[in-house]
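2 protein chains.
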Amino acid sequence: MPGPFIASAACTAFGKRSETLVELLAECSRKALDGREADALFVGAQNPEELAGTGNLSTALSDALAMAPRPAVRVECASASGAAVLEQAARCVASGRYRTVLVAAGERMTHLPTGRVSAILAEVLSPLERALGLTMASLAALSTRAYMHRHGLTREELALVPVKSHGNALLNPIAHFRKAITVQDVLESRPVSDPLRVYDCSAVSDGAAAVVLSSERGEVRVAGIGHGTDALAVQHREDLCSLRATREAARQAFAEASCGPGEVDVVEAHDAFSILELIDLEDLGFFPAGGARRALVKGETQLGGALPVNVSGGLKARGHPVGASGLAQVVELFDQLTGNAGRRQVDGAAVGLAQSIGGFGSNNLVTVLRRVGA
Amino acid sequence: MPGPFIASAACTAFGKRSETLVELLAECSRKALDGREADALFVGAQNPEELAGTGNLSTALSDALAMAPRPAVRVECASASGAAVLEQAARCVASGRYRTVLVAAGERMTHLPTGRVSAILAEVLSPLERALGLTMASLAALSTRAYMHRHGLTREELALVPVKSHGNALLNPIAHFRKAITVQDVLESRPVSDPLRVYDCSAVSDGAAAVVLSSERGEVRVAGIGHGTDALAVQHREDLCSLRATREAARQAFAEASCGPGEVDVVEAHDAFSILELIDLEDLGFFPAGGARRALVKGETQLGGALPVNVSGGLKARGHPVGASGLAQVVELFDQLTGNAGRRQVDGAAVGLAQSIGGFGSNNLVTVLRRVGA
Chain A
9 MPGPFIASAA
19 CTAFGKRSET
29 LVELLAECSR
39 KALDGREADA
49 LFVGAQNPEE
59 LAGTGNLSTA
69 LSDALAMAPR
79 PAVRVECASA
89 SGAAVLEQAA
99 RCVASGRYRT
109 VLVAAGERMT
119 HLPTGRVSAI
129 LAEVLSPLER
139 ALGLTMASLA
149 ALSTRAYMHR
159 HGLTREELAL
169 VPVKSHGNAL
179 LNPIAHFRKA
189 ITVQDVLESR
199 PVSDPLRVYD
209 CSAVSDGAAA
219 VVLSSERGEV
229 RVAGIGHGTD
239 ALAVQHREDL
249 CSLRATREAA
259 RQAFAEASCG
269 PGEVDVVEAH
279 DAFSILELID
289 LEDLGFFPAG
299 GARRALVKGE
309 TQLGGALPVN
319 VSGGLKARGH
329 PVGASGLAQV
339 VELFDQLTGN
349 AGRRQVDGAA
359 VGLAQSIGGF
369 GSNNLVTVLR
379 RVGA
Chain B
9 MPGPFIASAA
19 CTAFGKRSET
29 LVELLAECSR
39 KALDGREADA
49 LFVGAQNPEE
59 LAGTGNLSTA
69 LSDALAMAPR
79 PAVRVECASA
89 SGAAVLEQAA
99 RCVASGRYRT
109 VLVAAGERMT
119 HLPTGRVSAI
129 LAEVLSPLER
139 ALGLTMASLA
149 ALSTRAYMHR
159 HGLTREELAL
169 VPVKSHGNAL
179 LNPIAHFRKA
189 ITVQDVLESR
199 PVSDPLRVYD
209 CSAVSDGAAA
219 VVLSSERGEV
229 RVAGIGHGTD
239 ALAVQHREDL
249 CSLRATREAA
259 RQAFAEASCG
269 PGEVDVVEAH
279 DAFSILELID
289 LEDLGFFPAG
299 GARRALVKGE
309 TQLGGALPVN
319 VSGGLKARGH
329 PVGASGLAQV
339 VELFDQLTGN
349 AGRRQVDGAA
359 VGLAQSIGGF
369 GSNNLVTVLR
379 RVGA
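Protein sequence lines, in the order shown, are assigned to chains A and B.
Numbers 9 to 382, taken from the numbering used here, label the letters of the first sequence in order.
Numbers 9 to 382, taken from the numbering used here, label the letters of the second sequence in order.
Hint data in this document are derived by calculation from the structure and do not stem from the laboratory.
Do not take every clue at face value.
Unchecked claim - FRET-style restraints, in silico, Cβ to Cβ: (1) B/ARG225 to A/GLN243: 22 to 32 Å; (2) A/SER126 to B/GLY268: 15 to 25 Å; (3) A/ALA263 to B/GLY43: 55 to 65 Å; (4) A/GLY123 to B/PRO135: 19 to 29 Å; (5) A/SER266 to B/LEU136: 26 to 36 Å; (6) A/ALA154 to B/VAL380: 49 to 59 Å; (7) A/GLN243 to B/ARG38: 19 to 29 Å; (8) B/SER26 to A/GLY312: 34 to 44 Å; (9) A/SER126 to B/LEU150: 37 to 47 Å; (10) B/GLY43 to A/ARG186: 50 to 60 Å.
Ideal Cβ positions, reconstructed from N, Cα and C, are used throughout, including at glycine.
Go ahead and model the full structure; you've got the sequences and the hints to work with.
Here it is in structure tokens:
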């Protein structure tokens, strides 16, 4: 893929917001555009109709930004919508159709009762498993038990994932939860689906992210994007401790970027549940099976470690407005690769990788960014 | 855009169907694939979550077709989703990323009470106008009155649009309504929003369409695609009798296809309401303002006329499962350009144009197909 480059990137503050979904998307879009003109608008959101009562979202945002008569389109891949919309926009620029495009992704969720949000989010699971009463959290609990059993992961070790994320979020001005927590806090928090506790689960959040892609040379290039799928029902998959969709997406993204895991300096991984961060890192090829546990315990994935993961605070502590997350990861990497990540800057970061999960691991994307000249 | 070509195309029968949305999409996808392998799946639907209770639709269809681990993505532009998904798929093939892709679009609506469907469909309108109680039909009624006033169109003349569509649908085995109607039938049908009657409004329907795009030379080429937007609220637009989004989409599509309206042999236009067919044809440049009325009255847009329009039966009589319609138009044109349209064949058709409307004219696409060698 020849380019495209990321000209600019911005996020709203994540958290409980009073603005509408369109207002949130417009806020970060204006920040990213900063007076630039875009040839087209690409919007990502998981379910703006049910979560925010807004249909025809791409037109609504185009209208708010006074972009008519330029094209506007929405892209959806469940909770990977923010990554999928970047992929579509990047391919359209690569095709030569557009020179500069605005990519925005967001979700508005906190105004709804938690039970209603859970029911809406569960629509992305297999009807087969929904009928059994399985939820996102109970599927994550199954994976957690399997991983603990196979690799000897303890409950205390697993708690290091949210402890790390919350620590990083303290350094991120846009993060939803800017509060340090301890292993003890995690273990004593409310049970959700045994062995998962509240602090193991990303929370409902509002927020949006925006990126301007351009065929004109910039500081950061979208070097490769991969996209994979798997059976909708977890019971039809080969393994509870690995996501085939991530492995396929990583294979494609590294091939397109002509690089491998060894060259990556900073990672944003989809940690909607604590266990996913470990599974993600193994599926991406950074560690062998069980190796992500050892790296976590040794502190290798902390800021300052050999491979900093979710220095933004991740889905857990930056917040997880579902459709926004995949693009917010890219905004974080852009800030890292341009040296604008402030107190959470990874020194000399030149190659960044974002991994986003749609549904419970059924539709995943991997995006590799590279600082130009690196 | 270098290609892509349409390798094959298929529709389910439209109408009241007992299958799920995923089953309908899988049915026409299998027919279109006919044993072919596709590198990726692109799905279009307006609102599968609220209309069909199905989230994560692209993965669900990928699963039904056993396409994992290949990429799958959903594209949405309200009622133009079927056209928008073809656009995204075509750009991805043009970018060189994929050689062969499956494009499918559909909607399942008839199982819901009509009032519920109307409420869901109205979510694509401006909140400003929804708050006033305006609906799709009442906005169409405003446009109808304005056109009648400006161009002297009579109620009887307008009825010729659905009379023509129903006549054409008699020749289309997949059409929802295969029943001839008269001007008198239209005038005596139930009022919906004065002056519109039931026969002026496309009906709720179930159905799906699928197309296989390929970079390998085939009989029919996607010669050009255009995409335009306009203000969401009709009260913010310049004209009740013309859609800026169509004019912009047509300009782009003709430019990309290096042709003009004069070369088009057969047209599928978005006739969700009778008046739209006349407005569409003028916005597409086939007739000057008011000229579509004269062409209609003279029979020029009938099968056998100078410019046959909606020979499939159109949204009115083939049926309008919202997300499916834009792609079903392309399936019809593929059949026409390959000489496989049976009793509704337009003799020697070499260039076809499809026009699809998202929302009430806010997000529109135009697709030009050309028979290779023509």
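Do the hints match the structure? See the list:
1. B/ARG225 to A/GLN243: 22 to 32 Å: About 43 Å separates the Cβ atoms of B/ARG225 and A/GLN243, which means 22 to 32 Å is violated.
2. A/SER126 to B/GLY268: 15 to 25 Å: About 54 Å separates the Cβ atoms of A/SER126 and B/GLY268, which means 15 to 25 Å is violated.
3. A/ALA263 to B/GLY43: 55 to 65 Å: violated (27 Å)
4. A/GLY123 to B/PRO135: 19 to 29 Å: Since A/GLY123 and B/PRO135 have Cβ atoms about 26 Å apart, the given range 19 to 29 Å holds.
5. A/SER266 to B/LEU136: 26 to 36 Å: With a Cβ separation near 50 Å, A/SER266 and B/LEU136 fall outside 26 to 36 Å, so the hint is violated.
6. A/ALA154 to B/VAL380: 49 to 59 Å: The hinted range 49 to 59 Å holds for A/ALA154 and B/VAL380, with Cβ atoms some 53 Å apart.
7. A/GLN243 to B/ARG38: 19 to 29 Å: holds (24 Å)
8. B/SER26 to A/GLY312: 34 to 44 Å: violated (60 Å)
9. A/SER126 to B/LEU150: 37 to 47 Å: At 41 Å between Cβs, range holds.
10. B/GLY43 to A/ARG186: 50 to 60 Å: holds (55 Å)
Of the hints listed earlier, those the structure fails to meet are numbers 1, 2, 3, 5, 8, in rising order.
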